[in-house]
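Residues per chain, in single letters:
2 protein chains.
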Amino acid sequence: MQRWRRSLLYVKAIMMEAKQAKSIEWVGDLGGHVALIEQTLLPEKLEILRVTDVETMWKAIRRLAVRGAPAIGIAAAMGVVLAVRSGDVAGTRELLEQVHKAAEYLRTARPTAVNLFWAVDRMLRCAEAHSGSGVDEIRQALLLEAVAIRDEDAAMCRRIGECGAPLIGEGCGILTHCNAGALATAELGTALAPMYVAHEAGRAFRVYADETRPLLQGARLTAWELQQAGIDVTLICDSMAAVVMRERRIDLVITGADRIAANGDAANKIGTYGVAVLAEAHGIPFYVAAPSSTFDLELDAGGAIPIEERDPDEIRCGAGRRTAISSVPCYNPAFDVTPARLIRGIITDRGIIEPVTREAVLATLASRGS
Amino acid sequence: MQRWRRSLLYVKAIMMEAKQAKSIEWVGDLGGHVALIEQTLLPEKLEILRVTDVETMWKAIRRLAVRGAPAIGIAAAMGVVLAVRSGDVAGTRELLEQVHKAAEYLRTARPTAVNLFWAVDRMLRCAEAHSGSGVDEIRQALLLEAVAIRDEDAAMCRRIGECGAPLIGEGCGILTHCNAGALATAELGTALAPMYVAHEAGRAFRVYADETRPLLQGARLTAWELQQAGIDVTLICDSMAAVVMRERRIDLVITGADRIAANGDAANKIGTYGVAVLAEAHGIPFYVAAPSSTFDLELDAGGAIPIEERDPDEIRCGAGRRTAISSVPCYNPAFDVTPARLIRGIITDRGIIEPVTREAVLATLASRGS
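Chains as they are written, first to last, in our numbering: chain C, 1 to 370; chain Z, 1001 to 1370.
Next up, chain C with everything else stripped away, as it sits in the complex (with noise of 0.2 Å):
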């Protein structure tokens, strides 16, 4: 057969079995399994992992197995349930010990998206709003609760995506950087939210993906997912950014984020403050979209945002092959933080928070969402 025939068929199997297949998801009753796509492997394979316990999970999450801030945030939720949902406890209170545990265990995986955190303590609260009941009804409130922030984050993608449906007119050039897309969230995505809504509209715009080194989650999964969306995608190298915004292909960037201070500061996957400075130099509004999970109020500025640093061998090892001898030394800091002033809008499942201020960042929080 033809290397182009099978290249397409093979595209095709994979589209076909990824319409089925969610980013995350919670398999049966208490006594089943979280469902969740192995993004190590893609584009290559679309290979389901199925996690049982909670040690599994916290591994997932850390390999990136599992990766994207509100994916994270599920992803931990779930993980709790897994740590409790089963085995001889003398009690509640018992029980309760156990939920803190895989609590503080599951805390450890990965330090920057904050949604992992905000997950865990909505776990908590639910394990704590229940003490009254039995140790069954407890577990039963877990699933049920990690399961609702899953479909919650569903929804809150939709809402992100109506609200930036708007910015994406017809003909219109978009960059974007790393994944912020299904794969990263339960469904939509949060900086692609917008595109697909605008797809769905039947508007037609491209977009141009920043292959986002080291892990290149913009080749392997920003450019599948929207090719198999059936949205004009480009991929480019991330230095290739300030060309394409040079030669006016892009009128418009958005990011996702991994965790927002107060003042609108919002930490995202390395290589975002170097889009965000050379927007604001070829006068392209930036914008970063993500729920209202993502927001660390506790945070007053983006300089206390805890920034992850990796592996020197995800920089030396390139996409597998060595590419730097071992001994030289790497800087892998995993994210960045762009500073408000950078940003245009912050688009919320609760509205567009633009200009981007601290007042404006609390009275769209303050607010319910629609």
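Be a bit skeptical, because a hint or two may be false.
Said to hold, decoys possible - Just a sample of chain C residues kept apart from chain Z, beta carbon distances all over 12 Å, derived: (1) A21; (2) K22; (3) G31; (4) G32; (5) D88; (6) V89; (7) R93; (8) K101; (9) C126; (10) A148; (11) D151; (12) E162; (13) D251; (14) G274; (15) A360; (16) S367.
What the hints assert, rightly or not - Distance windows between CB atoms, simulated: (17) G169(C) x I1048(Z): 53 to 63 Å; (18) E47(C) x D1300(Z): 52 to 62 Å; (19) G320(C) x A1363(Z): 46 to 56 Å.
To be verified - With a straight-line Cα cutoff of 25 Å, these simulated SDA-like cross-link-like pairs (lysine to any residue) come out: (20) K1045(Z) x S327(C); (21) K1022(Z) x S327(C); (22) K45(C) x P1312(Z).
What the hints contain is simulated information worked out from the structure, not anything from laboratory work.
Because the structure is a prediction, the values reported are computed rather than measured.
In this text, a Cβ means the ideal position worked out from N, Cα and C, and glycines have one as well.
Assemble chain Z onto chain C, guided by the hints.
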């Protein structure tokens, strides 16, 4: 043996070999060959490619076995010699026709680096100047000219190093992009030459090397050659340049150039323009280093520089492994143009052009090298 130990020994072995290896040189007399470092295999393997015919040289340039504007010029000059050094010819006129044919052929290898055209033109002029001589004398003169181009390049690099070294203060942090080092030239390099000279003078400083996607010349070549020289180098992804600037790790940026227009606009490896914009936004001086052979005074401004667009699979296949499905469109310009207004100064073999104006460019190029 422990892994780190094996790794160290491996580095040491490569370093010892590398001390003897030149990026490109002619070995022997007219019956000899060109020896060049096969740069596509670095840093995993140091292999010397032995080139004996012009077709192999054309391919070596095209597939980046030899790369870097000055080295490409040397390769093209030696390619002309390979094309005409032997075989029966009816007389001087037929030989000159062969030289012209070889020149035209070599011009098609790559479009952006002007040194290639400059070197080929110089070989043509050399042949014409000797048109009164016999076939053997012309062949001999061409070999001498090609070797002179190589030796002069080495001397120009040394002068660039001496001109630029005073910019590098003790404890300085320097960012560079791509590889404009010894591997890109006859010796010492252009952007890296000031670093080698400052290092020889005993100054301590740290270099941050952008890995330089898609072909990773920063990771594969710059990190490798700086480490081998004992210079403190840290490898980063291109997307991290903005953050190391913001963290005040960078006092100075120096890159090479592939072609510089009369007004000082400079084409260089894709990503350079973005680095220049980021440097300006962070108040960091951005310098370009290049020999006089890299200037193209026939071009009024950078917009006229032809930009090579390369195979999308350079992006889609990452560093060997497939990172995006083959049906995803890519945009893969190999170079970009940095406007003169973003360049603090151009470090040449004839002094530093600063500020970068058309008048200063013309005045410096009109002066004789020191």
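How the hints compare with the structure:
| no. | hint | result |
| --- | --- | --- |
| 1 | A21 | 16 Å, holds |
| 2 | K22 | 21 Å, holds |
| 3 | G31 | 37 Å, holds |
| 4 | G32 | 32 Å, holds |
| 5 | D88 | 45 Å, holds |
| 6 | V89 | 45 Å, holds |
| 7 | R93 | 47 Å, holds |
| 8 | K101 | 36 Å, holds |
| 9 | C126 | 38 Å, holds |
| 10 | A148 | 35 Å, holds |
| 11 | D151 | 30 Å, holds |
| 12 | E162 | 27 Å, holds |
| 13 | D251 | 16 Å, holds |
| 14 | G274 | 3 Å, violated |
| 15 | A360 | 24 Å, holds |
| 16 | S367 | 33 Å, holds |
| 17 | G169(C) x I1048(Z): 53 to 63 Å | 56 Å, holds |
| 18 | E47(C) x D1300(Z): 52 to 62 Å | 56 Å, holds |
| 19 | G320(C) x A1363(Z): 46 to 56 Å | 50 Å, holds |
| 20 | K1045(Z) x S327(C) | 15 Å, holds |
| 21 | K1022(Z) x S327(C) | 23 Å, holds |
| 22 | K45(C) x P1312(Z) | 21 Å, holds |
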